[in-house]
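A.B. asks: So you can see what is in the structure, the chains are spelled out below.
There are 2 protein chains.
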Amino acid sequence: MSTPRIVIIGAGFAGIEVARGLGRFGLKVTLIDRQNHHLFQPLLYQVATAALSPADIAEPIRKMLRREPSVEVILGEVTSIDPKARTVALGGGRSIAYDILVLATGATHGYFGHDEWEGAAPGLKTIEDARRIRSRLLLAFERAEMSEDLAEQKRLMTIAVIGGGPTGVELAGSIAELARYTLSKDFHRIRAETATVLLLEAAPRILNAFPESLAAYATRKLARLGVTVRTNSPVESIAAHKIVVGGEEIGTGLTIWAAGVSASPLARMLGVALDRAGRVAVNGDLSVQGLDGVYALGDIAVALDADGKPLPGLAQVAKQEGVYLGHALARKITRGETPKPFVFHNRGNTAIIGRHAAVFDFGWTRMRGWIAWMFWALIHVYLLVGFEHRLLVAIQWLWRYATYERGSRLIAEQETDG
Amino acid sequence: MSTPRIVIIGAGFAGIEVARGLGRFGLKVTLIDRQNHHLFQPLLYQVATAALSPADIAEPIRKMLRREPSVEVILGEVTSIDPKARTVALGGGRSIAYDILVLATGATHGYFGHDEWEGAAPGLKTIEDARRIRSRLLLAFERAEMSEDLAEQKRLMTIAVIGGGPTGVELAGSIAELARYTLSKDFHRIRAETATVLLLEAAPRILNAFPESLAAYATRKLARLGVTVRTNSPVESIAAHKIVVGGEEIGTGLTIWAAGVSASPLARMLGVALDRAGRVAVNGDLSVQGLDGVYALGDIAVALDADGKPLPGLAQVAKQEGVYLGHALARKITRGETPKPFVFHNRGNTAIIGRHAAVFDFGWTRMRGWIAWMFWALIHVYLLVGFEHRLLVAIQWLWRYATYERGSRLIAEQETDG
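Residue numbers (the numbering used here), protein chains in the order written: chain A, 1 to 418; chain B, 1 to 418.
Be aware that one or more of the hints could be misleading.
[What the hints assert, rightly or not] Pulled from the structure, derived: some chain B residues nowhere near chain A, Cβ distances all over 10 Å:
| hint | residue |
| --- | --- |
| 1 | Asp56 |
| 2 | Ser95 |
| 3 | Glu142 |
| 4 | His188 |
| 5 | Glu236 |
| 6 | Ala239 |
| 7 | Val245 |
| 8 | Gly251 |
| 9 | Gly278 |
| 10 | Asp305 |
| 11 | Glu337 |
[Stated by the list, open to error] Covered, in the sense of this in silico footprint (three residues per stretch, anywhere, with C-beta under 8 Å from a C-beta of chain A), are these stretches of chain B:
| hint | stretch |
| --- | --- |
| 12 | 30-42 |
| 13 | 176-187 |
Derived by calculation from the structure, the hints in this document are not laboratory data.
Idealized CB from N, CA, C, for every residue including glycine.
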């Protein structure tokens, strides 16, 4: 058998591991991404809240694959996939033929059919998203400082985070800390620590994927930080300066969307049936059901665990799937081995609430509080790609832990007029 | 005498020092800037060449003035100044009255009457400028890697820096190092180390403000890094993909403008005569000639030294002027003292050529090579505002020194289509 042409789309946690795995076997691979960097998404909320710089959590894809000379990296946007002709088209008219296609383009924000909310309530998936949220967040306080109108000040200092999953909890906690410990020292006229941070969740409780005791703990901790947690509160409408929740109109300085994700639109190009969140159903070996030679993994796909339950859209799932598929494909191609199905090993589901507080759910045990925070910090420092990033991030965390400082309080020029 | 209303426009090296000086005397001051951050401009070229992150060299203005509660900071754009009515108008219709106005808004790029060159040849004055240059620089190599056409590859890998002053020398040296030591490891198809880096200077030699021996040293060092230095080469035209120099057309992947600066357009609002570079002439006490109660300093003004020669547009001049004016004004207001004229103390004029190499001119002595580089690095680490920044920047420099890495190789989304 001649070596097949392998194309991977997406260099996130899943795609980069597939490329590495195949590269280690010396197999020729083309990896396409529309960014030049791999992003450590679990820390993106820290960029959005001015605690870390974009470069701290982004690594050039080419650098990550330096030791794999058989992997060709292409910076480009995939405009269409033709599963019959087995070609991928890129912007600029270029077309790439494949024998094996690996789709790992992740997910984007989903507004439950209300795409018009996107402008007023940005989500958090890319570096640009994080920069946008950071600029708008800091600008809301700047404008409150300049306003002579008390009602306007109160509106500007009301930050609504929609969605009580880990991202929403992390954003709300981090914004409350920013206002209370950092911005409170910066402003003379307003009292930034009196800002209202709302965490709105449609379901009866936050952190749905966690045990109830951890969710209750997180709610208490958030309240102590000054976050107002409202459950059973589906948002009804979102506009530039206000939201409507349970019939009540609330004026806001900034609304952030952390409620829904929907799979990358590339899933639709495969021509197979998708689930409600737009995800591709895959077999145990992560191959797309009903499509020969195409694999999908990470947030764009929905794989099942041993009990037949769908695996959650987590970084650790994507990464483990990537490691699995890289090995499985390499062994299949080089030795003709039929791979065993993918098995997910839960390393612990986590959410960070603020300084000193986090929750961890390992399935067989749970952890919370200061010890969970330390554990979370250690793991994330370790996980961050590349030695330099690990060291710098660790130093910044320690520094902020001691001083309550945030080093990246930059407002981008283009946002100052918006 | 009742305390006068003091308004400072611009929170660069000059303005921030005036605000600090007045604040230390407890005088009420309004400081206006259109950014929320003070920028350490001498290291901006390192952001443009992916060595540092924007937040490493930017500090929130409010944080810098936390200990001066009498200083009010306003984020806003000054739209007009009325020296007769003594008011400053801000975007949004707000107007601020002053008794004393301090103008410190610096300089911007000057294209010698060719403003149409700006789009094709960005200059380097703000964080956004640096991000733009970084994205375009990295994209040029990405496009070269994807191109099948050898001539096109050569064009994309030709970077022209226009202007052989310190900024031009620093940019050219840093880009050559980036290509040779970092990008060369990232790309498989192109050989990034063969990139052409052109440094074009209209005058007979580069580093005009330095002694000839240091300029000759810099030229040799740049050549060894792979930079082609062309003197007596005024640029005749600049377009998106090419420049014309001495009648010769040269295809370029990126052109950067480091040739001319012109004073901030706010100088024109004063209604006084300006010099060729648009600068305001000031007296020995930095008051604007012919205008009562208005002071100008830093790059927007031209002060004279003891010999009647104009002082250069350097960070150290701006900073010393700011320290002087803060003290002089405070003593004048609180004690009625008439200030002695400003005297500039030369701390050494410097340009960095690359790893291991810099030049220093102290007037009474000179320094060059590795020892000058070490001296430069130490001074700049010390000067960087705020303890966290100093430490982080020092660590990054040491790390890069050992590994030739650059951590901030981010291409911004908005540039990938441009």
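A.B. asks: State for each hint whether it applies.
C.D. replies: Now for the hints, and whether the structure bears them out:
no.: 1; hint: Asp56; in the structure: violated (7 Å)
no.: 2; hint: Ser95; in the structure: holds (13 Å)
no.: 3; hint: Glu142; in the structure: violated (5 Å)
no.: 4; hint: His188; in the structure: violated (6 Å)
no.: 5; hint: Glu236; in the structure: holds (31 Å)
no.: 6; hint: Ala239; in the structure: holds (21 Å)
no.: 7; hint: Val245; in the structure: holds (30 Å)
no.: 8; hint: Gly251; in the structure: holds (19 Å)
no.: 9; hint: Gly278; in the structure: holds (22 Å)
no.: 10; hint: Asp305; in the structure: holds (35 Å)
no.: 11; hint: Glu337; in the structure: holds (29 Å)
no.: 12; hint: 30-42; in the structure: holds (count 4)
no.: 13; hint: 176-187; in the structure: holds (count 3)
Checked against the numbered hints listed earlier, the structure breaks hints 1, 3, 4; every other hint is satisfied.
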